[in-house]
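Trainee: Protein sequence lines correspond, in order, to chains W and D. If you read the first sequence in the working numbering, its first letter stands for residue 125, the second for the next number, and so on. If you read the second sequence in the working numbering, its first letter stands for residue 2, the second for the next number, and so on.
In short, the hints are calculated from the structure, not lab data. Mixed in with the good hints, there may be bad ones.
[Unchecked claim] Here are the simulated lysine to any residue pairs, SDA-like style, with alpha carbons at most 20 Å apart:
id, chain 1, residue 1, chain 2, residue 2
1, D, K127, W, L163
2, W, K185, W, L170
3, W, K220, W, A194
4, D, K127, W, L170
5, W, K220, D, V39
6, D, K127, W, K185
7, D, K127, W, A132
8, D, K127, W, P274
9, D, K103, D, G89
10, D, K127, W, L216
11, D, K103, W, E733
12, D, K127, W, P227
13, W, K220, W, P283
14, D, K151, W, E733
15, D, K103, D, Q87
[What the hints assert, rightly or not] Not close to chain W: a few residues of chain D, all C-beta gaps over 10 Å, as computed:
id, residue
16, R27
17, G97
18, E147
19, P193
20, S255
21, G314
[Said to hold, decoys possible] DEER-style ranges, computed between Cβ atoms:
id, chain 1, residue 1, chain 2, residue 2, range
22, W, L167, D, E300, 56 to 64 Å
23, W, R741, D, E261, 35 to 43 Å
24, D, P11, W, Q716, 29 to 37 Å
Where a beta carbon is used, it is the ideal one built from N, C-alpha and C, also for glycine.
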Amino acid sequence: MTRSSLAALAPLLWLLAPLFLVLLPHAPHLPLWISLSWLAFALLRLVAEQTGRQPVGRVLKMLLALAGVAGVLFSYGTVIGPAGGVALLVYLSGAKLLETHTPRDRLGLLFVGCFLLVAHFLDGQSLMTAAYMAFAALALVAGMIATQSPVATLKDARPTLAFAARLMAQALPLALLIFLLFPRLQGPLWGLPQQAAARTGLSDQMSPGDISQLILSDELAFRAEFSGAQPTPQQLYWRGPVFWDYDGRAWRTATPVRAALPEAVGLGNPVRYSLTLEPHRQRWLLLLGLPTQLPELPDNPTRLGADLQWVTKAPINQRLRYEVEAYPDYQLENVILAINGPPAPALRSRALALPVEGNPRARELAQGWLDGAANDEAIVNQALTLFRAQPFFYTLNPPRLGASAVDDFLFTTRRGFCEHYASSFVFLMRAAGVPARVVTGYQGGEHNPLGNYLIVRGRDAHAWAEVWLAGRGWVRIDPTAAVAPSRVERGIAAALPAGERPGGLIRLEGAWLRPLGLGWDLINNQWNQWVLGYNQERQRQFLSRFNPMLGNWLGMVWALGLGASLLVLVVGIALWPRLAIIRSDPASREYQRFCRALARCRVPRGAAEAPEDYARRAVALRPDLGNEIKRITRLYLAARYGPEGGDTLRDLQAGVRAFRPARRPAAKWP
Amino acid sequence: MASATLPYLPWRKPGVECGPLRLTSRRLYILPTRSGLVFALLLLGLLVGAINYGVSLVYLFTFWFVGLGVVGMLHTHRNLSGLVLQSGTAAPVFTGETACFKLRVANPSRLLRQRIGLRHAQGQGKPDDIAGGCETLLELPLPQLERGWKTPGHFSIHSAFPLGLFRCWTVLELDWGVLVYPRPAADAVPLPAPDADDGEGNAARGEGLEFDGLRVYQPGDASRRIAWKASARGGDKLLTKQFASTAGASLWLSWWQTPERDVESRLSRLTRWALDAHAAGLAYGLKLPGRTLPPQTGEAHLRQCLEALARHGQA
Chain W
125 MTRSSLAALA PLLWLLAPLF LVLLPHAPHL PLWISLSWLA FALLRLVAEQ TGRQPVGRVL
185 KMLLALAGVA GVLFSYGTVI GPAGGVALLV YLSGAKLLET HTPRDRLGLL FVGCFLLVAH
245 FLDGQSLMTA AYMAFAALAL VAGMIATQSP VATLKDARPT LAFAARLMAQ ALPLALLIFL
305 LFPRLQGPLW GLPQQAAART GLSDQMSPGD ISQLILSDEL AFRAEFSGAQ PTPQQLYWRG
365 PVFWDYDGRA WRTATPVRAA LPEAVGLGNP VRYSLTLEPH RQRWLLLLGL PTQLPELPDN
425 PTRLGADLQW VTKAPINQRL RYEVEAYPDY QLENVILAIN GPPAPALRSR ALALPVEGNP
485 RARELAQGWL DGAANDEAIV NQALTLFRAQ PFFYTLNPPR LGASAVDDFL FTTRRGFCEH
545 YASSFVFLMR AAGVPARVVT GYQGGEHNPL GNYLIVRGRD AHAWAEVWLA GRGWVRIDPT
605 AAVAPSRVER GIAAALPAGE RPGGLIRLEG AWLRPLGLGW DLINNQWNQW VLGYNQERQR
665 QFLSRFNPML GNWLGMVWAL GLGASLLVLV VGIALWPRLA IIRSDPASRE YQRFCRALAR
725 CRVPRGAAEA PEDYARRAVA LRPDLGNEIK RITRLYLAAR YGPEGGDTLR DLQAGVRAFR
785 PARRPAAKWP
Chain D
2 MASATLPYLP WRKPGVECGP LRLTSRRLYI LPTRSGLVFA LLLLGLLVGA INYGVSLVYL
62 FTFWFVGLGV VGMLHTHRNL SGLVLQSGTA APVFTGETAC FKLRVANPSR LLRQRIGLRH
122 AQGQGKPDDI AGGCETLLEL PLPQLERGWK TPGHFSIHSA FPLGLFRCWT VLELDWGVLV
182 YPRPAADAVP LPAPDADDGE GNAARGEGLE FDGLRVYQPG DASRRIAWKA SARGGDKLLT
242 KQFASTAGAS LWLSWWQTPE RDVESRLSRL TRWALDAHAA GLAYGLKLPG RTLPPQTGEA
302 HLRQCLEALA RHGQA
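Bound conformation, chain D alone (with noise of 0.2 Å):
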C-alpha cells in the first residue's frame, strides 16, 4: 500500500505539540474509505433496483445497509475520539538504518480501542489495539537516511475500524526526534596508531582521569600504575592501579588523520574507528574541529562520540 500522510485542512496546518494532548472531535477528521465510496454506490444501485422493482424487502435491506454505514461511521470516529497521545522515545539509529518512533497512547476510557495505526509520509506502523484504561506505545518505524537530530515532522494517527468503509484521522506534529549518527564507514581501514608516548598521552593517563579502583596485576602492566603499598597491605598479590580510561591503550580518533576528504565520509570513518575501538575495548578520544572528547572507555563514552558525530556541524 502506497503509503502517505493523510491530508488535513490547508488553514489548520498542526503545529509542533508537547504533552500530553487528547484527540477531540476538533481535531479528527472522518472521510469514506475508497472501499466506503464503492459501498455507496453499491447502495445506490441497490435503491435504484428498488425503485424500479418496487420491492419492499430490497428498501429494507438496502436502507439497513445505509444504517450500519453510518453506524459503522460513528463506531470508527468514538474509536478514535478521546484517546490520549504523548511523544514517547525513539532510540538513536545510524544513518541506513529504521528509527522506531513510539507514541505513548493512552485509552481514558472502558472501551476497546482496535486497530489504531500510525502513518507518515515514509512508512507506516503496524495497527494495534488498546483495551480500555491502558496505555500502548504505537510504533511508527521511519527509515532514517541523514544524520543529525531528526524530527518526523507530520503524521497521522488513524483507524477504519470496525466496517473500513470510513477512516477517521488526525495530522500531528510532536516535539520529538531521533539522534542518527553517521553510517559506519564501510571498508575497514585501521586504527590510528595509538599514541604510545607521552605527550598528549600523558594528559590522558593524568589529570583527566579518575582513579576508578584496583584489580590484581596482569603480565604488562605498566610499573608506575602498581600500587605498592596497597599491594603490601594486601598479602602476595600485585595490584594494579586502574583508572577509567585505562582499560587499553588510549588512541586519539582525529578528524585530520582520515584518509577521507569530504566531511560526510570523514564521519562515517571516524564513526566506524570509534565502533571498532569501543569493541576492541581501547580507551579512544574524538578529535572534531570545535570539539574534543578525551580518552575514555565504556558505553556513555561511545555514544557521546556518536552524538557529537551526528551533530557535527549542526545547532
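With the rest of the complex left out, here is chain W (with noise of 0.2 Å):
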C-alpha cells in the first residue's frame, strides 16, 4: 500500500479503530453473525475506499438494514432494551460504514460508539473493564477530533492521541465533581430488563454436586469488614438458606417458615460488622450470628424468618452493603419445639418429616441408636462417630450415588463432600426422632491484612446441619468437621487432597503471590465500596462528613452548580491563550503608538495603508500637523528599513513620544 493511498484511508481508518475497539469486549455477548457482519462491512468499506467505487446500492443498503432488525429480533425477540438494542446498534453501525462520508456522519457514529462503550458496563464494571473503556474512550475522543482535522493520518497519529488524552484529562475533574455530587435517585424510572444472566452462589436447594460446583469457583461471594473484635474461625458460619423439606435425592424449603423475630437469646457481647454482597441475582442475604437488629434495605423489604433465614423480596440485582451487629453465640428457639410445648407441633413434624421409601439401612441404623440412646445429644454423638471411626473421605470428586443416595453413601461409598456429610446427617437424626434441618452458607474466608476485612468466595460455600436439642435450642452441627476439622479451621484448600485443589486456590496459596493476590483484592474492593457502590445512602453519608447541608439533594445540587462553575472558570484560566509573547520590533510599536494617536484625531490608517500614502492623507486632512507627520514617516522608514545603529531609533521614539496633537486642528489658522 502507498503511502498517499494509506493518506487517503485515514479519516476511515480513524472511525473503524475506535469503533473496533468498543465494539471488541461486545462480542462474546453478541451472535457471531452480527460481529462476522460488522466486520464484513468494514473490510467492504475499505475495499471500496481504495477502488473508489460504490461497493453496495441503495436497495441494497435498505435490505441489509432490513435483514439486520429481522436478524435481531430472531435472535432477541426484541429491538429494544438492552441486549436487543445494543445488538441492533453494533449491527447498524456495521451497514453505517457503507455510507460514511461526511465528517458528520463519521462523527454520529462515533456518537453511536460512545453509546455502545457505556452500554457495555451493564454487562460488567470490574476495573480492568473501566481502565479498558477508558482506553476505549481515548480512541473515540481522537476520531472526533480527527474528524475535524483531516490533516490527521495515520502518521501523525501520535499528536492526535495526545490531544485527546489532555481534553480526557482535563475533563475529568470535572467528570469527578458530577459523579461526587450528582443526587443518585433510588430505584429504576422502569422495569429492570428480566436479565438472562445466570444466578450465582448458593441456590434454594440442594442436591448433590451443587456446592462443589461452587467450590471450584473463585467468584467472589462477599467481604466482610468487621469493627473490634473478630470471630474465631469456628464461628464463622456465615447463613444463607436453610432447608426443611426432603425429597430422597434434593433439600428445599417448599413454604417458608413464619417470619417473626425469632425467639433467641444472644450470648457473649455482640460484634459489629459491615458485609458487602455480590449481585447473585437471588433473594437471601447472609448473617453471622443473631442480629440485634434487622438492618433496613433500601427499596427492598427483607423478611427475617424465625429459622434465621433471611431473604428479601426482590432479587439483589446490585452490589448489596449492610451492616449488622449480631451475637455469635446464641440460643435459638429453646422451648418453642419442646414436645409437649403447644405452639409449633407442625414445625416439629417439619423437622422430622422423611420420604416415605428409601435409604432402609440408615433408618435402620438411626432406630438402632434411638433404642439404645439416652438421649438426643447421645444419638448426635453417635452420628459424629460414626463418620470419624469410620473411613469417610473428603473429596470434591465423589463416585456417583444411585437411588438410596443416604445408603450409598454411608455403607458404600464414603467418599463425599459437605453436602454429603450434611445431607445424610440430617436424614439420620431425622430417622432417628431428632429435629434437624440442613443450613447452607459460606464458612470462614480468607483474612486481607491490607485491608483488614474477609473475602469469601465461591469456594467458601458449606453445608451444615442444626439439630433441635431439649434445653439448648437449635445446636449447629458440622457433620463434615468430624471428617475433615481442618476445612473449618484453615479452608477449604486445607481440608482437600492436594491433587485435588482447584487451580485457583493454588495459585492463591503460593506464598510469595499472595500478597500481590490479595493488594489486587484490596484495591477491588475500594473500587466497589467507592465507585460501583456509590449509591444513594453512600453518597449521603460520604458527602454529610464534609458539610452536613450536603446530605440532601438540594444542598448536593447546589454545590454541583458551584463547583462546576468553579472548576470550568479554573480549566477555562488554564486554557487562556497566553498573547503578546510575541513582540513586533520597536520601530514598528512606535509607529502604531503614532498612528493611535493620528487615530483619535479622526484619522486612522487604513487596512492596508502604506506609510507614506498614509502620511499623504494624514498632512492633508490635517496640515497642521504636517511637519510632524512627515518627519515621524521618515524616522519611522529609516528606523526600520534603513541602515542598522544610529539613532533614528531614539529620534522615532522622542518623535512620537512629543506628537501630542490636538483633536481637532486650531480654530483659526493664520
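Each of the two chains sits in its own frame; use the hints to bring them together as a complex.
Mentor: In C-alpha cells form, the structure reads like this:
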C-alpha cells in the first residue's frame, strides 16, 4: 500500500479503529453473525475506499438494514432493551459504515460508539473493564478530533492521541465532581429488564453436586469487615438458605417458615460487621450470628424467618452493602419445639419429616441409635462418631450415588463433600427422631491484612446441620468438621487432598503470590465500595461528612452548580491563550503608537495603507500637523528599513513621545 | 454544505472596520453545532440509563463525556480567541470569475490555532491552521457577478475544532473590496480600424508621448522616426526613435464605436477589445463618456483601462 493511499484511508481508519476497540468486548455477548457482518461491512468499506467505487447500492443497503432488524428480532425476540438494542445498534453501526462520507457522518457514528461503550457497563463493571473502556474512550475522542482535522493521518497519530488524552485529562476533574455531587436517585425509572444472566452462589435447593460446583469457582461471594473483635474461625458460619424438606434427592424449603423475629437469646458480646454482597440475582442474604436489629435495605423489604433465614422481596441485582450487629453465639427457639409444648407441632413434624421410602439401612441404623440412646445428644454423638471412626473421605469428586443416596454414601462410597455429610447427617437425625434441618451458607473466608477485611468466595460455600436439643434449642452441628477438621479451621484448600485443589486455590496459596492477590483484592474492594457502590445512601453518608448541608439533594445541586462553575472557570483560565508573546520590533511599536494618536484625531490608518500614503493623506487632512507627521514617517521608515544603528530609533521614540496632536485643528489658521 | 453567514445578535450588527482588530470574547459567539446537540441528547439518554439501571460506571463515563463537551467548548473558544485580523488584498477579476479575498490572520500566541475557516453568504474558504507566532493568509473565494468596486460585506471567521461539538465564530465587515472588471464579450468582433492618418493620431504620436529610447531599425518603421543623428554616431546600423506608445499602430476604442447599444454590453465589448489589443501589442486609447485615456501599451495601461471600464457610471 502506498503512502498516498494510506493517507486517503486515514479518515476511515480513524473511524474504524475506535469503533473496533469499543465493539470488541461486546463480541462475546453477541451472536456470531452480528460480529461477522460488522467485520464484513468494515472490510467492504475499506475496499470501496481503495477502489473508489460504491460497493452497495441504495436498495441493497435498505435490505441489509432490514435484514439486521429481522435477524436481531429472531435472535432476541426484541430490538429494544439492553441486549437486543445493543445488538441492533452494533449491526446498524456496521451497515452505516457503508454510507459514511462526510465528517459529520463520522462524528455521528463515533457518538454511537460512545453509547455502545457505556452500554457495556451493564454487563460488567470491573476495574479492568473500566480501564479498557477509558482507553477506548480515548480512541473515540481522537477519532472525533480526526473528523475535524482531516490532515491527521495515521503517521501523525501520536499528536492527535496526545491531544485527546489531554482533553480527557482536563475533563476528568469535572467528571469526578459531577459524579460525587450529582444526586443519586433510588430505584429504576422503569422496570429493570429480566436479566438472563445466570444466578450465582448458593441456590434455593441443595442436591448432590451443587455446592462442589460452587467450590470450584473462585468467584467473589461477599466481603465482610468487622469493626472491633473478629470472631474465631469456629464462629465464622455465614448463614444463607435453610432447608427443611427432603424428597430423597434434593433439599429445599417448599414454604418459608413464618416471619417473625425468632425467639432467641444472644450470648456473650455482639460483634459489628459490614457485609458487601456481590449481586447473585437471588433473594437470600447472609447473616453471621443472631442480629440485634435487622438492617433496613433501601427499597427492598426484607423478612427474617424464625429459622434465621433472611430473604429479600426482590432479587439482589446490584452489589449490596449492609451493617449488622449480631451475637455470634446464641440460643435459638429453646422452648418452642419442646415435644409437649403447645405452639409448634407443625414445625416439629416438619423437622422430622422424611420420604416414606428409601434408604432402609440408614433408617435401621438410626432406629438402633434411638433404641439405645439415653437422650438426643447421645444420638448426635453417635452419628459424629460414625463419621470419625469409619473411613470417610473428604473429596470434591465423589462417586455417583444411586437411588438410595444416603445408604450408598454411608455404607458404600464414603467419599463426599460437605453437602453429602450434612444431608446424610440430617437424614439420620430425623430417622432417629431428632428434629434437624440443613443450613447452607459460607464458612470462613480469607483475611486480607492490607484492608483488614474478610474475602469470602464461592469456594468457601458450605453446608451444615442444625439439630434441636431440649434445653439448648437449635444447635449447629458440622459433620464435615468431624471428617476434615481443617476445613473449618483453615479453609477448603487445607481440607482437600493436594491433587484436588482447584487451580485458583493453588495460585492464591503460593506464598509469594499471596500478597499480590490480596493487594489486588483490596483495590477491587475499594473500587466496589467507592465507585460501584456509590449509591444514594453512600453518597449522603459521604457528603454529610464534609457538611451536613450536603446531606440532601438540594444541597448537592447547589454544591454541584457552584463547584462545576468554579472548576470550568479554573480550566478556562488555565487554557486561556497567552497573548503578546510575540513582540513587534520597537520601531513598529512606536509607529503603531503614532497611528493610534492620529486615529484619535479621526485620521485612522487604512487596512493596507502604506506609511507614505497614510502620511500624505494625513497631512492633507491635518496640515497643522504636517511637519511632525512627515518627520515621524521618515524616521520610522529609516529605522525599520534603513541601515542598522544610528540614532533614528531614538529620534523616532522621542518624536512619537512628543507627538500630542489636538483633537481638532486649531480653529483659526493664520 | 449550504453556506450561509453565521448569525449575530441583531443589536450588535457589525459595522465596517479597518485596521488590525483582535478577536476578543466580546466579539466571539459560541454555540453547539448540530452534532453538538445530538451529542447532548445522547448524554441525556445515557444519564437516564444510568439512573434507571443504577450503574455507577455509566454515571461516571456519562459525566466524563459531559466534561469533555465542556472542555471541548473551552478549547474551541480559545482556538479563535486573541487572533488579530487585517484585511489583505484581493486581485481584480472579471465579472463571472471568483475573487479571492485574503484575510491576514496573525496568531500572537504560542498556541497552534487549527482549522480556522472563513464563511460568507456566497462561499467559504478552506479551513487552515496558524502556527504559534505566525501570520497566515486565509482565503475567501467569492464569485463576482457584477462589475465595479465590490465589498464583500459581512463574513464570518469560525472554527469548530477540536471536537466539532461547538462552533465559535464572529461576524465582521472589513473595509476591503475587489475591483471587478466587466465580463469580456464572448464573440469576436474585429477591433475598430486604427486611425492610420493624422489628426488624433498626431496627437497620440506627438506631445502626449514621451521619448522612450532607441532600437535597431526594422523594415516598416516610419522614416521620420529614424534617429539620424544617433544612427550617424552609432555606426552602420540605423536606429529608430521609440515612444512609449509606438509599439504598434495606435488605436481608439470608443464607446460610440461598439456595435452594441446598452451600457453593459458596450463595456463588455470594450473590455474584449482592450484585452485583444493588449494581446496584439497595439497601442490603444479608450474613450468613454466623461473619460478618455490616451493610447498606450503595457500592463499598467491595460489595468487602467479595465478599471475605468469597471468603474464606469459609478462613483
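Trainee: Evaluate each hint against the coordinates.
Mentor: Hint-by-hint comparison with the structure:
At roughly 34 Å between alpha-carbon atoms, K127/D and L163/W are farther apart than 20 Å, so this suggested pair is violated. With a C-alpha separation of about 16 Å, the suggested pairing of K185/W with L170/W holds against the 20 Å cut-off. Note on K220/W and A194/W: the hinted pairing holds, with a Cα-Cα distance of about 17 Å set against a maximum of 20 Å. Of the supplied pair hints, the one linking K127/D and L170/W is violated, its CA atoms being roughly 26 Å apart against a limit of 20 Å.
At roughly 17 Å between alpha-carbon atoms, K220/W and V39/D fall within 20 Å of each other, so this suggested pair holds. Proposed proximity of K127/D and K185/W is contradicted: the alpha carbons are some 32 Å apart, above 20 Å. Restraint check for K127/D and A132/W: satisfied, since their Cα atoms lie roughly 18 Å apart, inside the 20 Å limit. Only pairs whose Cα atoms come within 20 Å are accepted, and K127/D paired with P274/W is accepted, the gap being roughly 12 Å.
Proximity of K103/D to G89/D is assessed by CA-CA distance (about 5 Å); at most 20 Å being required, the pair is judged to hold. Note on K127/D and L216/W: the hinted pairing is violated, with a Cα-Cα distance of about 33 Å set against a maximum of 20 Å. A threshold of 20 Å between alpha carbons decides the hint, and for K103/D with E733/W the separation of about 15 Å falls inside it, so the pair holds. Distance hint between K127/D and P227/W is fulfilled; the C-alpha atoms sit about 15 Å from each other, no more than 20 Å.
Only pairs whose Cα atoms come within 20 Å are accepted, and K220/W paired with P283/W is rejected, the gap being roughly 28 Å. Taken as a hint, the K151/D and E733/W pair is honoured in the structure, with Cα atoms around 18 Å apart against an allowance of 20 Å. Simply put, K103/D and Q87/D have alpha-carbon atoms about 9 Å apart, close enough for the 20 Å limit, and the pair holds. Even its closest Cβ contact with chain W, about 15 Å, leaves R27/D beyond 10 Å, as expected for a residue assigned away from the interface.
Its beta-carbon lying about 26 Å from the closest one in chain W, G97/D satisfies the requirement of being farther than 10 Å from that chain. The non-interface label for E147/D is consistent with chain W: the shortest C-beta to C-beta separation is roughly 23 Å, beyond 10 Å. Every CB of chain W is more than 10 Å from the CB of P193/D (nearest about 38 Å), matching its label as outside the interface. At the 10 Å boundary, the C-beta of S255/D stays outside the reach of chain W, the nearest C-beta of that chain being 34 Å off.
For G314/D, the non-interface assignment is confirmed: its Cβ lies about 25 Å from the closest Cβ of chain W, beyond the 10 Å cut-off. At roughly 58 Å, the beta-carbon separation of L167/W and E300/D lies within the given 56 to 64 Å, and the hint holds. The beta-carbon spacing between R741/W and E261/D, approximately 39 Å, falls within the hinted interval of 35 to 43 Å. In this structure, P11/D and Q716/W meet the distance hint of 29 to 37 Å, their C-beta atoms being roughly 33 Å apart.
In this structure, the earlier hints numbered 1, 4, 6, 10, 13 are contradicted, and the remaining ones agree with it.
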